[in-house]
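Novice: Chains as they are written, first to last, in the working numbering: chain V, 44 to 410; chain U, 21 to 416.
To be clear, the hints were calculated from the coordinates, so they are not data collected in a lab.
Any given hint might turn out to be false.
[What the hints assert, rightly or not] Restraint-style ranges between C-beta atoms, simulated for each label pair:
1) Val298/V <-> Ser156/U: 28 to 34 Å
2) Gly106/V <-> Lys415/U: 42 to 48 Å
3) Gly211/V <-> Ser325/U: 52 to 58 Å
[What the hints assert, rightly or not] Below are the DSSO-like pairs computed for lysine-lysine, each with C-alpha atoms no more than 30 Å apart in a straight line:
4) Lys79/U <-> Lys255/U
5) Lys415/U <-> Lys65/U
6) Lys411/U <-> Lys194/U
7) Lys65/U <-> Lys272/U
8) Lys366/U <-> Lys272/U
9) Lys277/U <-> Lys255/U
10) Lys384/V <-> Lys415/U
11) Lys366/U <-> Lys295/V
12) Lys127/U <-> Lys255/U
13) Lys295/V <-> Lys415/U
14) Lys295/V <-> Lys194/U
15) Lys295/V <-> Lys197/U
16) Lys411/U <-> Lys321/U
17) Lys158/U <-> Lys127/U
18) Lys366/U <-> Lys197/U
This structure is a prediction, so every number in the text was calculated from the model and none was measured.
Just so it is clear, CB atoms sit at the ideal spot from N, CA and C, and this is done for glycine as well.
Listed below are the residues making up each chain.
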Amino acid sequence: MTEEQQMLRDASERYLRDNYDFNQRRDGFRAGNYMSQSHWDAMAEMGWMAMPFGEAAGGLGFGMQECATVAEQFGRFLVVEPVLDSVVIAGALLSYPGVTAPSAIVEAMAVGEALVIVAHEEQDAAPSIKNTQTALTETADGFQLQGAKRFAAGGGSATHFIVTAMLGEQFSYVLIARDAPGLQVDSYQTYDGRSGANLDMDMALPADALIVSGPLAEQAFEQARERAMLMASAESVGAMQAALDATVEYTKQRVQFGQTLSSFQALQHRMSDMLIQLELTRSLVASACRAHDEGAEDARRLILAAKVKAATTARRVTQEAIQLHGGIATTDEYSVGHHFKRVTALESWIVSREEALESFIAAVDAA
Amino acid sequence: MTDYTAFRQEVRDFLRANLTSELIRAGQLTTSVFSDFDAGLAWQKILHAHGWAAPDWPKEYGGTGWDINERYIFQEECKLANAPAPVMMGIQMLGPMLMHYGNDEQKAHYLPRMLSGEDVWAQGYSEPGAGSDLASLKTTATRDGDYYIVDGTKIWTSMAHHANRIFCLVKTNKEVKPQAGISFLLIDLDTPGITIDEIVSLDGHVEQCQVFFEGVKVPASQLVGEENDGWSVAKYLLEFERGGHNFTIDLKKQLAKLRQQAGSVKSHHGRPKLQDPVFRHRLAEAEIEAMALEQTELRIKGSVSAGGNAGALSSLVKCVGTELGQRFNELSIDAVGQAAIPFHPKSLDPRYGGPTPAPDYALTSMAEYINNRAATIYGGTAEIQRTIIAKQILKL
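Extracted from the complex, chain V is given alone in its bound form (with noise of 0.2 Å):
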């Protein structure tokens, strides 16, 4: 770690350790909320909206090693404020090199009045480029926007979304704002404690609207696909963390038989397989990061082998989590069975463990 990850990891620990409760964020979803705003705007305060952009668009200029630091410490604490949803994978369509985004909203993103979240799944298809059927049609001044979106993760509380379509032939993205007309939006709840959001849409759009369209766009989306990955995975090993520790000091307070839990030795191991798995994923996910911040030739293969490892490991050891914990961790109360809820979300999110797997494959053979 540089001296620079190292603080961002302190100060984003440090943070979310004295302010992030797990009371006050349950009470809030069982209120109904999609995330706390006061919340959002600390987290935009200590610049950590800005940590993806670049200098001249008033950015930290921070790349996946750092946003990754600051991901890990969201899934120890269960974080819902979709701020990597918004700058980093948002971000990524709008500020990916030689893509021309509006600065306004680059620039209220980085200060986080803008909340700007991607809506590409379409209804009965995994998220690929392949199954976009929204379509863009050009029309006299600018466009006509037809089709549905669905679980778009984080899109509850959006300000915009970034919708992809296809104009003709050609892979698309247009930016548009929650209300305008022609769209609905329908959010909810989400079982991670966050919201999502399906849009329908049958709108004129002005021609500034579309972001973006052909190979640069696809290559752009690509790259988001690859940050989500990344954030995903890191997020996952901070929420397998926060589950192994809080499975370590519950069985060394948990006594049954007349001994603490701890002391068996078939769950001795079982939290060794724990570590191991969770350090193993640590190692992957830090060199994938790494990789591709450096552009580094082999990046695209660590980033899927991470992204796999990320998945499979998390599902396992949340689920180990409870299960040691017993009863109590299925209860909505305790914090476990909520990092076992986000890693589930987090392992389809965007592209899948199956997809990530089979990439992989098609990668080593291209090798």
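Please build the complex by placing chain U on the supplied structure of chain V, with the hints as guidance.
Specialist: Only chain U this time, still in chain V's reference frame:
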């Protein structure tokens, strides 16, 4: 950062010039941690002549003085070039221990003979009644004037049938708690009262032995460290057994071989097994695990270079490295199918040049699969490693 390109080239040039085709054949036909004994010894003598017999030793004892990166490169290049593995108990385990605990006389006498291959060492730790619970060992050494009289038996003494010496843990005090009454002795295997029984392994081959001691007179000068302090000596040595190994190199080699095997066999659909989607899926998942281990080994190497200690993380690596090796072995026998089944030990002898019942790419699959079951048993079982992780990292 230091540039190791020139060093790597030097190693490659050396290997190209010195690895004969017979030695390479022995390397290719290696199905356990031990290669054909004669080939391993011959290779050690070549390495010794070049000053490279002990990659991990400091220069003052006749080692190379290499840093961790150079040692890694050397290991990797040797493996990729199919160099046979010399018997390693002396140089890799006993040597570093003697440097730390041995007296000047012991160092001066034994270290050079280890390097030259004049002495071949076996390890006398386990007993029939003392495996994972090593401290419960029962072989005794009773002081009698200038000698110890040793009685008892040691098992899983790898390569004892080729060795001339053995280092042993023996009980010198039965009155105290088990760990406190153990001493470390060096014993000449020619001493009267010693018999060596060979143990045939599942692959039909002998690597392991049981050694019996009956009233064996060992000069007291052969004690290493203090009397009754053998447990700390042994623990120090076990760290070398666990921590010194780089699994990534082995796994990369296994993976390359596996690809070659799966590329040589046609699957039920008529295309190479390597294109069978079910097989590819399993292979890719195992490969991803190997990548995760590689990055973890690099992480540890980085912290060791920076002056840190691998500590209990070496237990993690041992668990994962051995279990993953076994997973690759399974993929290998699954890839070649019935071609793995013919039992024909001659075809694994590097000196044999005759016909074999199975194709060359399948010759080692079964023996490797069988022999590697021991990997999660020796050097501290997978269960012992998990207990170490639970105690030392998780503080359970």
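Novice: Now tell me, hint by hint, if it's right for this structure.
Specialist: We went through each hint and held it up to the structure:
1. As the Cβ distance of Val298/V to Ser156/U is approximately 30 Å, the hint placing it in 28 to 34 Å holds.
2. Taking the beta carbon of each, Gly106/V and Lys415/U are about 34 Å apart, not inside 42 to 48 Å as hinted.
3. Between Gly211/V and Ser325/U, the C-beta spacing of about 56 Å keeps the proposed range 52 to 58 Å intact.
4. Our distance criterion of 30 Å between C-alpha atoms is met by Lys79/U and Lys255/U, whose separation comes to about 24 Å.
5. For a cut-off of 30 Å, the pair hint linking Lys415/U to Lys65/U is broken: about 46 Å separates their Cα positions.
6. Simply put, Lys411/U and Lys194/U have alpha-carbon atoms about 28 Å apart, close enough for the 30 Å limit, and the pair holds.
7. As the CA atoms of Lys65/U and Lys272/U are separated by approximately 27 Å, the hinted pair is consistent with the 30 Å bound.
8. Of the supplied pair hints, the one linking Lys366/U and Lys272/U holds, its CA atoms being roughly 27 Å apart against a limit of 30 Å.
9. Taken as a hint, the Lys277/U and Lys255/U pair is broken in the structure, with Cα atoms around 35 Å apart against an allowance of 30 Å.
10. Between the alpha carbons of Lys384/V and Lys415/U the distance comes to roughly 27 Å, so the proposed pair stays at or under 30 Å and holds.
11. Pair hint Lys366/U plus Lys295/V does not hold up; C-alpha atoms about 56 Å apart against a cutoff of 30 Å.
12. As the CA atoms of Lys127/U and Lys255/U are separated by approximately 19 Å, the hinted pair is consistent with the 30 Å bound.
13. Using a Cα cut-off of 30 Å, the hinted pair Lys295/V and Lys415/U holds, with the two alpha carbons roughly 10 Å apart.
14. Distance restraint check for Lys295/V and Lys194/U: the Cα-Cα separation of roughly 35 Å exceeds the 30 Å cut-off, and the hinted pair is therefore not satisfied.
15. Simply put, Lys295/V and Lys197/U have alpha-carbon atoms about 28 Å apart, close enough for the 30 Å limit, and the pair holds.
16. Between Lys411/U and Lys321/U, the direct Cα distance comes to roughly 23 Å. Compliance with the 30 Å bound is thereby established for this hinted pair.
17. For the hint linking Lys158/U to Lys127/U, the alpha-carbon distance of about 28 Å falls within 30 Å, and the restraint holds.
18. A distance of roughly 49 Å separates the Cα atoms of Lys366/U and Lys197/U; the hinted pair therefore is violated under the 30 Å criterion.
Of the numbered hints stated above, those contradicted by the structure are hints 2, 5, 9, 11, 14, 18, listed in ascending order.
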